[in-house]
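Starting from the known structure of chain A, arrange chains B, C, D and E on it as the hints suggest.
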Amino acid sequence: MSYQEFRDIFYNGVWKQNTGIVQLLGMCPILAVSTSVVNGVSLGLATTIVMALSGASVALIRQLVPNEARIPVFILIIAVLVTAIQYLMNAYLYSLYVVLGIFIPLIVTNCIVLARVEAFAAKNPASQSAFDGMAMGLGLTAVLAVLGGLREIMGHGTLLSGIDLALGPSAKSLVITVLPDYHGFLLAILPPGAFITLGCLIAGKNWLNQRTESRQARIEPVISAA
Amino acid sequence: MRRTMAKAALMTALNLSAFALFGTALLAFIYNQTHERIEKSVEAEKLRLISQILPHSLYDNDIIKDTLEILPDPLLGNEGKTTAYRARLDGKPSVVVLEAVAPDGYSGKIFMLIAIRENGELAGVRVVSHKETPGLGDYIDIAKSDWIRGFDGKSTAQYNDQDWKVKKDGGKFDYMAGATITPRAVVKAVHKALQYFALHRDALFAGGIR
Amino acid sequence: MRKLHTFHGGVHPATCKTQSNGSPIAKAKLPSKLVIPLRQHVGHSARTTVEVGERVRKGQIIGQADGHVSSAVHASTSGTISAIGMQPVAHPSGLPEPCITLIPDGLDEWMELEPCEDWKAVPHSELRHRLRNAGVVGLGGAVFPSDMKLYAHKHKIKTLVLNGAECEPYITCDDLLMRERAEEVLKGAELMRELLYADEVLIGIEDNKPEAIAAMRDAAGKHSGMEVIAVPTIYPGGGAKQLIRVLTGIEVAAGVRSTDLGVQCFNVGTAYSAWRAIRFGEPLISRIVTVTGNVESPQNFEALIGMPIAELIAQAGNLPGTTGLIMGGPMMGVLLPSDKAGVVKATNCIIAASDALFPPPRPVLPCIRCTRCADACPAELQPQDLYWFARAKNFTKAEEYHLFDCIECGACSYVCPSNIPLVQYYRFAKSEIWAQQAGQKAADAARERHEFRESRLERDKREKAEKLAAKEKAAARSEPAPVSDKPDTKPQDEIARKIQAAIDQAKAQAAEVKPKNTEQLTPQQMAEIAEIEARRARIREIAQASTDAQPRE
Amino acid sequence: MLFSPYITKPDSVSKIMLQVLFALIPGIAIYVWFYGPAILVSLLLASLTALSTEALMLKLRERPIAPFLKDNSALLTAWLLALSIPPLAPWWLIVVGTMFAIAIAKHLYGGLGSNPFNPAMIGYAVLIISFPSQMTHWLAPGGLGSAGLDFQSQLNYIFRGALPDGLTLDGVTMATPLDTLKTQLHMNGQMKSILEMPIYGRLAGVGSEWVSLGFLLGGIYLYARRIIGWHIPAIFLITLFAISGVFHLMDPARYAGPLFQWFSGASMLGAFFILTDPITSPTTPKGRMIFAFGAAILTFLIRVYGGFPDGVAFATLLMNICVPLIDAWTQPAVFGRKDER
Amino acid sequence: MLSALLAMGAIAITLGAVLGFAAIRFRVEGNPLVDKIDAVLPQTQCGQCGYPGCKPYATAIAEGTADINLCPPGGEEGIHKLADLLGTEFKPFGGSTVPKPKSVALIDESTCIGCTLCIQACPVDAIVGAAKQMHTVIAAECTGCELCVPPCPVDCISMEPIADTTGNWKWQYPVYAIMPSQTAP
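Chains as they are written, first to last, in my numbering: chain A, 1 to 226; chain B, 227 to 436; chain C, 437 to 989; chain D, 990 to 1330; chain E, 1331 to 1515.
So here's chain A without its partners, still in its complex pose (with noise of 0.2 Å):
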């Protein structure tokens, strides 16, 4: 329960095993809701609570749970907290369900919360399972949030445009046009764009990985010389 073991569980959730771009997993969600900024986080977000829940959830009972049944009850656990926050979205915030819609029963599916689940919540505590999860689901929230704004800048030159429907009809002043009269880039809001735009990102990840190791292993030799 260390202060560095958080941390070290963050920064994993966070960059080091990125769930978008990194482990590439639940790419269904991550292409389909991230054609702007709001969709995009919204669904992280609620992603972010059912892995947090789920972890959390799994790791209080994983000593009551046969293994052969391991599978089954995981997933029952990460459905009824989906439909739960299904059926609150759906009371509280209507218009944003309606704009999520299939993705939200979705998250069941999104293999990175079984993932997480099998991999962390099922060998850890119960705090450690929770905040693992919501490392994980902040990674993801991040990915879907830069991705989402790229392509909605590109498609659409705008940035948060639709954050009424989560944050009520005052927050439209909240929505930038990034650029004014833009034509508009089709194929960044449409499924191959969202695939161009994740390659991208995974490219840029590489690439800044590749340049702090090839800085460390410069510095190295002169330290040990030194």
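It is worth saying that the hints were derived from the structure and are not from the lab. Fair warning: there could be bad hints in the mix.
[To be verified] Below, a sample of chain D positions facing chain C; criterion: calculated Cβ distance under 8 Å:
1. Leu991
2. Phe992
3. Pro994
4. Tyr995
5. Ile996
6. Thr997
7. Lys998
8. Asp1000
9. Val1002
10. Ile1005
11. Asp1060
12. Gly1100
13. Ile1268
14. Thr1273
15. Gly1325
16. Arg1326
Please read these numbers as outputs of a predicted model, since none were measured by experiment. Beta carbons are placed, not taken as given, at the ideal position from N, Cα and C, and that holds for glycine.
Coordinates of chains B, C, D and E only, in the frame set by chain A:
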């Protein structure tokens, strides 16, 4: 061996069902807590769409309740039963909202809501869903362009049959260069809906059409 | 007129043959020394039969065929053996191989030869034996021992194909041989036909050698069942598989013996050498070598095996601007790492390369899958795919796409618009696969041996325990078991003491200046010791060579 | 000089690509004759964009620039793309398309030789998906539009988006004959009366049919020079002819005849220049035939039932995906192993 | 509400029973992965990995108790193969394990005292000889494991690297300059 197998099966079954029952109970509880609110949200959404083409000043009745079932009609292009919403002001009929389908969009059907005042004038038209080429035919959507507002206030009295066409075909309606099929379909469908209204006007506001 | 078949692909590089085929075969002058590799053929290296300092006469065996697939090596002239050891040879690696260095005495004194007038009376097995002892191997480049190829096993050989196509540019040694010694070539063919019981002899010569065709046709008139056939000039029409295909329509796949399909193929030069070996008893101590390219007077030499290539080039006249020496033709030849190496039985041509003749390669671009290579490939492979697999080191896939059917003719590289060294990739992939297979075989053998050892130890332990149990049982029956375990420890002490003594003795021995007790040894023992010494020396030498070789990589 | 063979045929990627560019010239010349010189502006713009994008990408990828710029492959991509989009398109359209084709469709996949999709067609697909309206304004051939545009006005429109006073875009442009046919059929027009419209000529569209003939000529030149094989163009055209012929015979009122399919749209350009791109087409003879067959069927289906004006580009891209599979399935028997399968 | 509970409960009981039954009925015995790993290992049986032979090491890898980078005779190539097989990432050799050139043992026959200790150490029976007789290594069978070196009381065994010969020489991977102007002198 057989014993352990049966035992393992029983244990797993009990475990799984315990979780299932707990989960189901939890969900049932949440559902009970939220379903009223969900129904309200659904209604509000419908109302929101209708209210876009139906100014609040024009009615004081509960239009969600004051509905009428419409049977398939070639003039409306609907293939199944649809609902017409009737707006009344001080008990007098003011506007009817019809659901119409333009079957000949560039890539499939275009679903619309058409609000017609009792005098035959269009109060407003909105496209509910369509599959037109993005960026090309989708300017019929209010989210993309104001083109659809061009119908506001038009009626068969104002424009004769020849005028209910896009300008390229000699009519009065604008269109965006390069994409004429979509507006053609929409104009045609609106025109037909007005014709339908003219035929069934009284029935629409009264009991119903058989 | 015989109906000729065609093979897929092929290319038409400039033939460049007129430079060297204008003058008759010249006899190369006796060189200052001869470097004769012990392995100039496919198979096992020959075993040395001479010692340093020994005088040998021309034609004397200096290396005896060793093993099933092997061939003898002879002194190319009379002289003294000056060295036996590792020397650079005509091999692309530049690695040394065991060679015998012979300093000619200038007398060129033949040993007694055993001519054979009536070879038809000699049994076939004896003829084959003589060919093996005469060191006759395929002179077309494959250098497979000919005696082995002249045995039909149980197959009925219908056609003996004599390969005079000589499709590689620049090379004219077979052309000149056929022009000047057609009669003896055909007598050799007659001998081969006899050994193979073949029905017909088809001699394929590319139609750009009209003089050779005429000479051979003239000579063939005296033999029955021999036909000289002009085949279209196309590279690699002189490849054995391709020539067999053109003349008979039969396709011999990789890994298939042509005798299984009723055909056998020999180079015209081999036929000539076989004839000389049987009729006159002359071993294969010289061959015709085309020396061309960047030299003063390109021509064909009859050169002694072992003649240093530098001296051969000098006899044709060195020219400035030579950038390297190619053994073989420009399509399949080997760039020689050293001109010190001697002419071997496979040396059909030496080209002095210059930038004017062979411009440096143009920049390599990525493959654009244009399939010009596939159109040119005589083996009907998909070189672009093989290249891709070889480059990605995906060897399983390369094998699946029939990498080993590639004959490395170079037609694909020749036509490649991206200038990719395709053949080099195939060679790389092939040698990697061979190494892998060898490694796998060794690992399997090691596993098997290890498992056998484990089971043996297990068995020994069990047997020992059983024996002990039986003993104890017997002891228990007769008398009480001994209480102390002293008898067990004593022998162990004894053993340790003995070992220590032996160690001391060995150390003392090792410290002594004269390490070996060389007195009172039988000659046999001495020979054994010498052999052990030689083996050790060789291993050290190999080890040394490899450590020397390390920095090169 | 390190490995055998030490001699090579004096052939190069650069020369092959140059021949293909050369073979495009008759078609381009006819294009200019009918539609004015606007296409030359597109070609120039595309070429410049392609070369500079190529250089930039090579630099980013730390590859030598000169040998790759000289291979002419970027130029070929640029020309094919420029020929597939309306000449009177705003300048940024061709620039965006070419940049996408070179940077993303070619270099992100590994550059020359590694791109699975035809870069020019990717560029086209991106443009038609993203800017459908701009992509449907084709210049009317000389004498057909309500007014002709001189070169100055064409340039003015391309770079500044301004048309001379009193002219609308609809006046000087029109949909392609293929597109018009589809639209008219959609509007319940009759095939016979549609084909009597002034934009239809002897074989297909006025002007465009001659451009197609020009590309056919170039294609025959390429075949004569053995730059391309016969398999892809022949099978593509024959299949397209056959399938459109069958449909035409079944219902002449709804399906145009095979010659119309041949000489309208990008059929000829596709058959000889686009589908034959060696990098993105199969390498085995049988594979090439399957590839061309599939492309023809898809082209026809997209033209008749699809939502886009022409089908060649998408048919090409869809068949490009299948190339590795086709190649793996159609490996020819090798020398001496013909009875093994 | 009640119907939902009943339905879910019934489904869960049935599926749970099936699962419990299947878990016992289809249990997999043994581990085929061990053989696959063993096939990749070089079979030198040298024990440098800390396990008494290749098979025990393979078992340890399969169980997840050993790292894949402990086999010096397999070289980096071997680690790559193991990483591919197990779907893990490549790891460079650990601190103490360093790959060496492939070698064979050579017994200096003049010093050998015939103590048979090396014969007992050889895991593949590649040393022949009898007590008080000179021993020799069958080079073709020697895996270069070096296990015979430490037991020798007179230090007469040395490891000789296998040299490059024309027999085991390999064609190199073609390396060429894309831009000759940069590399040509």
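Structure-inconsistent hints, enumerated in ascending order: Every hint satisfied by this model.
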